[in-house]
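**Student:** So the sequence lines, in the order shown, correspond to chains A and B.
The working numbering puts the first residue of the first sequence at 1, with every later residue one more than the last.
The working numbering puts the first residue of the second sequence at 325, with every later residue one more than the last.
Since the hints were derived computationally from the structure, they do not count as laboratory data.
Here the structure is a predicted model, which is why all the values come from computation and not from measurement.
Glycine is no exception: its CB is placed at the ideal position from the N, C-alpha and C atoms.
One or more hints might be untrue.
Stated by the list, open to error - Computed beta-carbon distance windows for the label pairs: (1) A:E230 x B:L571: 56 to 62 angstroms; (2) B:F567 x A:S299: 48 to 54 angstroms; (3) B:E370 x A:H324: 29 to 35 angstroms; (4) B:G363 x A:H324: 29 to 35 angstroms; (5) A:H324 x B:Q452: 32 to 38 angstroms; (6) B:E370 x A:E261: 57 to 63 angstroms.
Unchecked claim - Below, in silico cross-link-like pairs of lysine-lysine (DSS-like), each with a Cα-Cα straight-line distance of 25 angstroms or less: (7) A:K26 x A:K297; (8) A:K90 x B:K434; (9) A:K220 x A:K12; (10) A:K26 x A:K259; (11) A:K81 x B:K434; (12) A:K90 x A:K305.
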Amino acid sequence: MTSRIDNKRCIKMYEQMLTIRHFEEKAIELFEHNLIRGNIHPCIGQEAVSVGVCTPLRRDDYMVNTHRGHGNCIAKGADLKLMMAELFGKSTGYCKGKGGSMHIADFQGGNLGANGIVGGGLPIAVGAGISIQNRETDQVAVCFFGDGATNQGTFHESLNLAALWKLPVIFVCENNLYGLSTPVRESISVVKISDRAMAYGIPGVSLDGNDIIAVYTAMKEAGERARAGEGPTLLDCITYRFYGHFTGDPGKGITYRSKEEMNQWLERCPIKRFRERLIKEKRITEKTEKTMEADVKASIEAAVKFAKESPLPLPEEALQDLFH
Amino acid sequence: MPEITFVESLRMTLKEEMERDPSLMLIGEDIGRYGGIFGVTKGLLEEFGPHRVRSTPISESAIIGSALGAAMTGIRTVAELMYIDFTPVAMDQIVNQTAKMSYMSGGKAKVPMVIRTQEGGGRGNAAQHSQCLEALFLHIPGLKIVMPSNPYDARGLLKTAIRDDNPVMFIEHKLLYATKGSIPDGEYLIPFGQADIKRKGKDVTIVAISYMVTVALKAAARLAEEGIEAEVIDLRTLVPLDFDAILQSVRNTNRVVIVHEGCRTGGIGAEIAAQIQEEAFDYLDAPVARVGALNVPIPYSEPLENAVIPDEDDIVRAAKKVLYRG
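Take the sequences, apply the hints, and build the full model.
**Tutor:** Rendered as structure tokens:
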């Protein structure tokens with residue numbers, strides 16, 4: 001399957017997955033050292049969804065993100081320095097320190113921001129789809145949300161409206177099997193989240209979200225469909241968050257997930273799987289991979305240095321940016 | 325120009341602004357062929373087509389959220405929520421999304437968006453179609469709030485609202501829709517934060533909004549018969565608030581009555597009264613009075629509704645109270 005994707009693109013995808021993984025690990029470490037406030041919702045384990053979905057996107061395509069959104073920001077082309085500075089609450093950050101981890105927005109890169117409200121972003125993505133349709137461009141809007149969001153009213157309203165008006169929106173469910181501690185089997189009335197697409201008369205696909213090629217392929221098809229004016233698609237990418245809900249989750253979610261289950265999913269690590277594939281297909285070697293990993297780590301260290309050295313906002317800046 | 329109704333004024337303004345800005349979009353329930361439940365958008369679908377006049381399913385959250393998404397990506401949008409009573413259905417999209425988008429993104433997001441809605445009782449529409457909820461939105465930083473009291477202001481303020489690059493709650497009153505007023509030929513805009521002194525007076529200041537401006541003016545006429553000269557201020561916008569106009573008047577009259585149709589408890593009068601005592605305490609010759617609805621949902625039956633919603637008598641009584649007369 002990978003043979004259909006050119007070498008350069010495959011390597012870039014792998015590098016982005018590594019970047020997300022190391023960025024998140026660094027962010028957790030910094031949080032533990034009290035350098036980052038609030039909380040972090042790490043997306044470690046879900047890298048294949050972020051990168052698989054964003055790779056076929058153009059820079060001018062829109063993305064609406066979730067609280068567990070660092071990976072999606074990176075995959076959509078965010079600058080690590082500006083991201084890290086935002087996590088540090090510095091005035092050089094993407095949102096001048098006003099948004100933090102859950103609200104990174106990069107309008108130049110099509111990133112319309114992340115949401116602290118589960119399901120809050122779906123109608124916004126629909127609006128971006130309307131905007132594309134009215135401006136008659138061939139952009140698309142991607143909407144990320146978790147399995148929990150599919151039980152919100154906004155899910156129904158948004159999919160219905162997008163289907164009704166054939167909007168160029170791709171609804172991507174990062175189905176990591178839990179809404180905080182509540183498993184999907186206790187919260188969702190259908191077997192597969194993609195079954196819900198039927199209610200709106202749109203295509204819905206459930207797929208292995210830890211297989212980046214599967215995600216990429218499905219997304220490419222959904223994107224082409226959207227660009228051709230054929231309307232929205234629902235992608236249910238089944239994956240797993242290795243670190244639990246957030247940095248405050250005891251034992252990475254051990255209070256509601258068995259050790260056995262967690263270990264099984266570690267075996268299905270999307271990065272490990274992609275790496276084995278790339279090595280088998282001789283697209284990377286252990287040596288080139290080592291160099292890549294070192295480069296990734298260096299870029300993250302540079303981001304941390306930039307964030308540390310950046311100025312904190314002045315108290316009077318608290319009153320700015322409310323209105324234009 | 326002959327006199328036109330409040331509804332006609334709104335319709336003319338929307339049409340003109342849609343002609344002026346070829347991307348301006350309207351979105352809301354029944355705003356297409358049906359022309360809106362109050363007829364405000366009549367004829368606009370036929371003129372501007374279904375992409376610019378988007379009649380939606382009954383999905384208030386999606387209406388507001390999609391208006392926001394469109395506004396953030398270059399489509400100036402006027403969303404219509406049929407009744408202000410339906411805003412709580414879309415409260416997350418208004419409060420957590422729309423109002424916060426600019427601030428939360430460090431000013432990166434620009435949200436040129438108007439939420440048109442209407443409020444108020446007096447027609448027996450009962451508890452879920454009669455509320456006045458402007459105070460809810462006053463409490464949320466990031467929303468501008470406009471409350472026109474007549475057809476002339478509706479036009480000038482709606483133009484300003486549409487051209488503003490921030491989210492604006494444009495709150496109309498159902499009892500004003502059929503009222504008539506004369507409108508000059510040619511374009512005019514009314515800037516936000518500029519109150520209108522509807523009647524000059526030296527004895528007591530009456531601060532009012534929306535339909536209550538009409539009621540306050542009637543009350544002021546009655547007070548005049550008794551030799552009391554009330555100054556009536558129409559705030560026109562709550563955010564931004566023309567507090568200077570209030571302050572100036574209070575310094576002259578030394579007595580204030582604040583009138584609104586929403587509940588007195590936690591109403592806009594509470595905020596304005598607090599600001600007056602902070603800024604003009606030494607000028608006051610009596611405690612600031614508030615006239616607002618009683619603290620219950622709006623009941624259906626006429627005598628009950630009349631008992632709950634403030635009227636001329638309540639305003640006259642409050643004015644006399646702060647003057648220590650009667």
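**Student:** All hints, please: hold or fail.
**Tutor:** Consistency of the hints with the structure:
| no. | hint | in the structure |
| --- | --- | --- |
| 1 | A:E230 x B:L571: 56 to 62 angstroms | holds (60 angstroms) |
| 2 | B:F567 x A:S299: 48 to 54 angstroms | holds (51 angstroms) |
| 3 | B:E370 x A:H324: 29 to 35 angstroms | holds (34 angstroms) |
| 4 | B:G363 x A:H324: 29 to 35 angstroms | holds (33 angstroms) |
| 5 | A:H324 x B:Q452: 32 to 38 angstroms | holds (34 angstroms) |
| 6 | B:E370 x A:E261: 57 to 63 angstroms | holds (59 angstroms) |
| 7 | A:K26 x A:K297 | holds (9 angstroms) |
| 8 | A:K90 x B:K434 | holds (21 angstroms) |
| 9 | A:K220 x A:K12 | holds (16 angstroms) |
| 10 | A:K26 x A:K259 | holds (24 angstroms) |
| 11 | A:K81 x B:K434 | holds (24 angstroms) |
| 12 | A:K90 x A:K305 | holds (12 angstroms) |
The structure is consistent with each of the numbered hints, conforming to all of them.
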